[in-house]
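K.L.:
Chains A and B, in that order, give the protein sequences. In terms of my numbering, the first sequence opens at residue 30 and continues consecutively. In terms of my numbering, the second sequence opens at residue 30 and continues consecutively.
Bear in mind the hints are in silico, worked out from the structure with no lab data behind them. Warning: the hint list may mix true and false statements.
Copies of one chain are not kept apart here, so a pair can be met inside one copy or by any two copies together.
Below, a list of computed lysine to any residue pairs in the SDA-like style, where the Cα atoms sit at most 25 Å apart [what the hints assert, rightly or not]:
(1) Lys79 with Glu589
(2) Lys227 with Ala164
(3) Lys596 with Thr562
(4) Lys596 with Gln564
(5) Lys227 with Gln290
(6) Lys596 with Thr72
(7) Lys487 with His439
(8) Lys227 with Arg438
(9) Lys271 with Arg343
(10) Lys78 with Asp585
(11) Lys154 with Asp236
(12) Lys227 with Ile398
(13) Lys227 with His439
(14) Lys79 with Thr562
What follows is the residue order along each chain.
2 protein chains.
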Amino acid sequence: MFSMLRINTASCTAQMETFDAKEFLLGGRTLSSYLVSSEVPATCDALGKKNKLFFCSGVLSGTAVSSSDRLSIGGKSPLTGGIKESNAGGIVGTRMSQQGLRCITLEDAPPGDAGWKIIVIGSEKTEFVDGGFLAGKGVYEKSALLTQQFGVKAGCITIGPTAEKLLSATGIACSDPHGVCSRYAGRGGLGAVMASKKIIAMVILNDGKIKPAFVDEDAFKAGAKKIVQLLKENPVSTLFTKYGTAAMVDICQALKVLPTQNFRHGVMEGAEKINAQTMYDTIKQRDGEGRTQHACMHPCAIQCSNVYPDKDGRLLCSPVEYETMALMGSNLCLKDLDAIATLNRIANDAGVDTLDVGAAIGVAMEAGIAEFGDTTAAIALMEEVRALTPLGRILASGCKTAARVLGVRHAPHVLGQAIPAYEPRGSKGMAMTYLSTPMGADHTFGFTLRDEEVPTSKEGKVALSKKFQVIGSRMDAMGMCNFVRYSVRNNMQPLLDLIQFRYGVDITEVEFDDMVKKTLRIEHQFNTDAGITAQDYRFTETFYEEVQPETGEVMDITDEESALARKW
Amino acid sequence: MFSMLRINTASCTAQMETFDAKEFLLGGRTLSSYLVSSEVPATCDALGKKNKLFFCSGVLSGTAVSSSDRLSIGGKSPLTGGIKESNAGGIVGTRMSQQGLRCITLEDAPPGDAGWKIIVIGSEKTEFVDGGFLAGKGVYEKSALLTQQFGVKAGCITIGPTAEKLLSATGIACSDPHGVCSRYAGRGGLGAVMASKKIIAMVILNDGKIKPAFVDEDAFKAGAKKIVQLLKENPVSTLFTKYGTAAMVDICQALKVLPTQNFRHGVMEGAEKINAQTMYDTIKQRDGEGRTQHACMHPCAIQCSNVYPDKDGRLLCSPVEYETMALMGSNLCLKDLDAIATLNRIANDAGVDTLDVGAAIGVAMEAGIAEFGDTTAAIALMEEVRALTPLGRILASGCKTAARVLGVRHAPHVLGQAIPAYEPRGSKGMAMTYLSTPMGADHTFGFTLRDEEVPTSKEGKVALSKKFQVIGSRMDAMGMCNFVRYSVRNNMQPLLDLIQFRYGVDITEVEFDDMVKKTLRIEHQFNTDAGITAQDYRFTETFYEEVQPETGEVMDITDEESALARKW
Numbered sequence: 030m031f032s033m034l035r036i037n038t039a040s041c042t043a044q045m046e047t048f049d050a051k052e053f054l055l056g057g058r059t060l061s062s063y064l065v066s067s068e069v070p071a072t073c074d075a076l077g078k079k080n081k082l083f084f085c086s087g088v089l090s091g092t093a094v095s096s097s098d099r100l101s102i103g104g105k106s107p108l109t110g111g112i113k114e115s116n117a118g119g120i121v122g123t124r125m126s127q128q129g130l131r132c133i134t135l136e137d138a139p140p141g142d143a144g145w146k147i148i149v150i151g152s153e154k155t156e157f158v159d160g161g162f163l164a165g166k167g168v169y170e171k172s173a174l175l176t177q178q179f180g181v182k183a184g185c186i187t188i189g190p191t192a193e194k195l196l197s198a199t200g201i202a203c204s205d206p207h208g209v210c211s212r213y214a215g216r217g218g219l220g221a222v223m224a225s226k227k228i229i230a231m232v233i234l235n236d237g238k239i240k241p242a243f244v245d246e247d248a249f250k251a252g253a254k255k256i257v258q259l260l261k262e263n264p265v266s267t268l269f270t271k272y273g274t275a276a277m278v279d280i281c282q283a284l285k286v287l288p289t290q291n292f293r294h295g296v297m298e299g300a301e302k303i304n305a306q307t308m309y310d311t312i313k314q315r316d317g318e319g320r321t322q323h324a325c326m327h328p329c330a331i332q333c334s335n336v337y338p339d340k341d342g343r344l345l346c347s348p349v350e351y352e353t354m355a356l357m358g359s360n361l362c363l364k365d366l367d368a369i370a371t372l373n374r375i376a377n378d379a380g381v382d383t384l385d386v387g388a389a390i391g392v393a394m395e396a397g398i399a400e401f402g403d404t405t406a407a408i409a410l411m412e413e414v415r416a417l418t419p420l421g422r423i424l425a426s427g428c429k430t431a432a433r434v435l436g437v438r439h440a441p442h443v444l445g446q447a448i449p450a451y452e453p454r455g456s457k458g459m460a461m462t463y464l465s466t467p468m469g470a471d472h473t474f475g476f477t478l479r480d481e482e483v484p485t486s487k488e489g490k491v492a493l494s495k496k497f498q499v500i501g502s503r504m505d506a507m508g509m510c511n512f513v514r515y516s517v518r519n520n521m522q523p524l525l526d527l528i529q530f531r532y533g534v535d536i537t538e539v540e541f542d543d544m545v546k547k548t549l550r551i552e553h554q555f556n557t558d559a560g561i562t563a564q565d566y567r568f569t570e571t572f573y574e575e576v577q578p579e580t581g582e583v584m585d586i587t588d589e590e591s592a593l594a595r596k597w
Numbered sequence: 030m031f032s033m034l035r036i037n038t039a040s041c042t043a044q045m046e047t048f049d050a051k052e053f054l055l056g057g058r059t060l061s062s063y064l065v066s067s068e069v070p071a072t073c074d075a076l077g078k079k080n081k082l083f084f085c086s087g088v089l090s091g092t093a094v095s096s097s098d099r100l101s102i103g104g105k106s107p108l109t110g111g112i113k114e115s116n117a118g119g120i121v122g123t124r125m126s127q128q129g130l131r132c133i134t135l136e137d138a139p140p141g142d143a144g145w146k147i148i149v150i151g152s153e154k155t156e157f158v159d160g161g162f163l164a165g166k167g168v169y170e171k172s173a174l175l176t177q178q179f180g181v182k183a184g185c186i187t188i189g190p191t192a193e194k195l196l197s198a199t200g201i202a203c204s205d206p207h208g209v210c211s212r213y214a215g216r217g218g219l220g221a222v223m224a225s226k227k228i229i230a231m232v233i234l235n236d237g238k239i240k241p242a243f244v245d246e247d248a249f250k251a252g253a254k255k256i257v258q259l260l261k262e263n264p265v266s267t268l269f270t271k272y273g274t275a276a277m278v279d280i281c282q283a284l285k286v287l288p289t290q291n292f293r294h295g296v297m298e299g300a301e302k303i304n305a306q307t308m309y310d311t312i313k314q315r316d317g318e319g320r321t322q323h324a325c326m327h328p329c330a331i332q333c334s335n336v337y338p339d340k341d342g343r344l345l346c347s348p349v350e351y352e353t354m355a356l357m358g359s360n361l362c363l364k365d366l367d368a369i370a371t372l373n374r375i376a377n378d379a380g381v382d383t384l385d386v387g388a389a390i391g392v393a394m395e396a397g398i399a400e401f402g403d404t405t406a407a408i409a410l411m412e413e414v415r416a417l418t419p420l421g422r423i424l425a426s427g428c429k430t431a432a433r434v435l436g437v438r439h440a441p442h443v444l445g446q447a448i449p450a451y452e453p454r455g456s457k458g459m460a461m462t463y464l465s466t467p468m469g470a471d472h473t474f475g476f477t478l479r480d481e482e483v484p485t486s487k488e489g490k491v492a493l494s495k496k497f498q499v500i501g502s503r504m505d506a507m508g509m510c511n512f513v514r515y516s517v518r519n520n521m522q523p524l525l526d527l528i529q530f531r532y533g534v535d536i537t538e539v540e541f542d543d544m545v546k547k548t549l550r551i552e553h554q555f556n557t558d559a560g561i562t563a564q565d566y567r568f569t570e571t572f573y574e575e576v577q578p579e580t581g582e583v584m585d586i587t588d589e590e591s592a593l594a595r596k597w
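Next up, chain A with everything else stripped away, as it sits in the complex (with noise of 0.2 Å):
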């Protein structure tokens, strides 16, 4: 049996609820989805109190399956005004299987005057405690604090000062496991949906004693090797083990859709010196700190991740990932990884989505506000964020807000949320996927980039786009890493072996994509009744008008074929 902890933020009060046994495969962002459509009100206020945040363990968390700990965080998005999950990395995932917990959900609101409140929860009592004592402080600076006071193998979840002024290009962070806040559930602004419900920070403490139950263990200890081999025998997946994901930039500037210049171009001259190659050879160099094949969570046989060292050896960031290179990086045309580490830490300093905020960084260049490849001007800028001057508050709200107050019309976001790191004029797969996702534009559940024969014809995108779609969504209904789908994407057997092991469920390929189109008609019925209409989901005017140089291509997708990849 799972356990929800149902906690009030008005009354700080809470209280524990079971799954009923039909629910029970409902992990991830199936469950978060499932959540937010039962219990919040399309229509209301994404930062009001009718607003509730669930906290999402997966299917297999808890286990020695590599990659299986992804924690999705739910809501109503203050970005998008839609359906939100953002899933993230990191030990709080394991700690909340460790007490007995598939979800904890924050409810309601307590006036907005009220004092900052830290929720401690533990294998004896969930409690509140003041956090006046973060109040403005930076996530590193949070961070420290809160291990100091509860132990660096508690996972904690906080927010930056960002998210406390309620910006909505805010995510929350989940410690690593060194104790850093700095595993983020970045999109979608539901920082500031936690700092509304005034909740600075939550902690679930390292004394949880429920082990997984299995109705087959060894079986499943089997079977969780196999995945093992599957990821180390995956091209995919062992290259994300060298160089991480940095392995895109050249992937990218070869398909001619690296952002460069606010979207406007698909091609950075130079692009080697913020490539991967340059990466891993600079984190070698400098050695001191420095990580290459770095895992987030334990176990993961990927470890993607990495720890990115200054000058002196000393970690500047960590992890730094393509989404962060391309959007603080090309799209800001800077060649200059230790400007781009350095946007990535203040960005995490502040709390703020590195995608969402290097679009409007970029924005803000195509304004005027700076020059494009200045990496002062760009660290100023992130730091007029991490001040909350009315210039980086216009920031930390992100790309369509930022280009509205500033006066750009070529904003790269969709439904609100800025276009991550593949330019969608070059890649009509990943544009139909933009199109298609409930959340904003996004890329982790339908990505078609690898699998697109002719990226920029749109030819066949609508299915290609909804098989990915599935694929991806497959990961995040259970809860694991969106990287296991390439060792898994032609067979999930595996995957459903080790539910039926640990469960004793035996569910189909086709019964589980069932739950997961489910899941994809739930968001999107929760979208409309939210007031998005079939008129939200495109680009700016901009892409359909301009020609993006480096392929010729203008965007062609019509809103009867994105209609037809988000019908399920």
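Dock chain B against the given chain A, drawing on the hints supplied.
P.N.:
Structure of chain B alone, referenced to chain A:
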């Protein structure tokens, strides 16, 4: 026959078109909304080349009928994302009629980096002249430079520096009879639309010789006199003649709907310091350039405008209207007419809507950016708007965006447009109107306040709002000043007679109202096509949850009720 001058802003060409006979009754908002609906794709970027801007004169424009020369400006709104008509007094409507123009259309757009142009329309030709010398200048300076070049009697239309930056709460300023561009079509961001077409000013020269033709000129003259007589007999218009719209301060204070402290209250202690009598006495006492009973156009028998002088009797701002006195006065807890007039002047110079930016400053004060009641701080904030600082741009983006960027949930707007000067929880009739207009919260077309037996009750307010939506829209449809409606609300035959004597068209009140209702239907259809849904016609959640202290009321109008008030 009437003509439209259709101007392509990309090719810098103009051509004359004539209306076909059956449409010749169209004028004002009826014409502009018909054209927007027919020619602008509802989902287009309001700041892109597919949007158009229509400048329409009224059905009786150019005649001797009092208050008949309002200029209706229509297009898709960058503020609301829906259809927009905003109208202004001044002399431009007259000048258009003298050139035989019922409509001037600006369409297409040059590239964003194209130079600024001034369009000069004379009886001989239409010219595009370089407007670079106006760029970045305030509206008062632009206005002076335009009259210097084109004569004090030319009908000039220009925008402020905020509009040049494409900000969403910017208006279009039109010449008053003294050659000052101080008559604003302020609402909905049409200034930014004009800027997006790189037109910094438009001038209709005073060389037009076309006089209106009449079927029965003598009868028309007699009918025009009848209108004057009705206006002079009506208690509301005569009240406005003496005191101007400032008369509303005491009325709204008494009804507890005077927006105070960011719409948290409906009563301001000390409101008498900014009421009509104080304003009247101040103007009379300072004398000099100060004026009460001042006309924004000729002829006008109401003359509700004023010239507010500074302490030395020099013009500080003209006009200072109730809506501004509330949004930039009581709403900010300012009890100082000089401060309000100063804010108004800076807003006019910057080119912004005083309502939306007043509401945005209220939001900024709630966010703690400045203290309520601090006149110096309020003026400093308006100076930031004029100086286009980041904070100034936030404010010039209007109340909704300011609330988002500054993290304030209580944002007084509907459909993204700031609520005008009547607190909606205290007047459910006005609230119903705000929730019903296709234009975003607006008071000019469904003004119930004077006719609500129990303002705090929603009973019967669907019907009441709809009644006044029609009464108000009749004036918009004719291009007449809204204040004429008091004199003809129970019997519009005197206006219909004028149509008969002017055009020989016999139209009944029922037929006229059918035309008005058809306009409302096409406006709402445009919004639906643009992706605006029933869920968008709402106040922020705070209005439904938090009691307005003076009335003890929350917002209690349901989606179903407001939907009825939008159904025609």
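K.L.:
Kindly indicate which numbered hints from before are broken by the structure, ordering the numbers from low to high.
P.N.:
Checked against the structure, no hint fails, so every one of them is satisfied.
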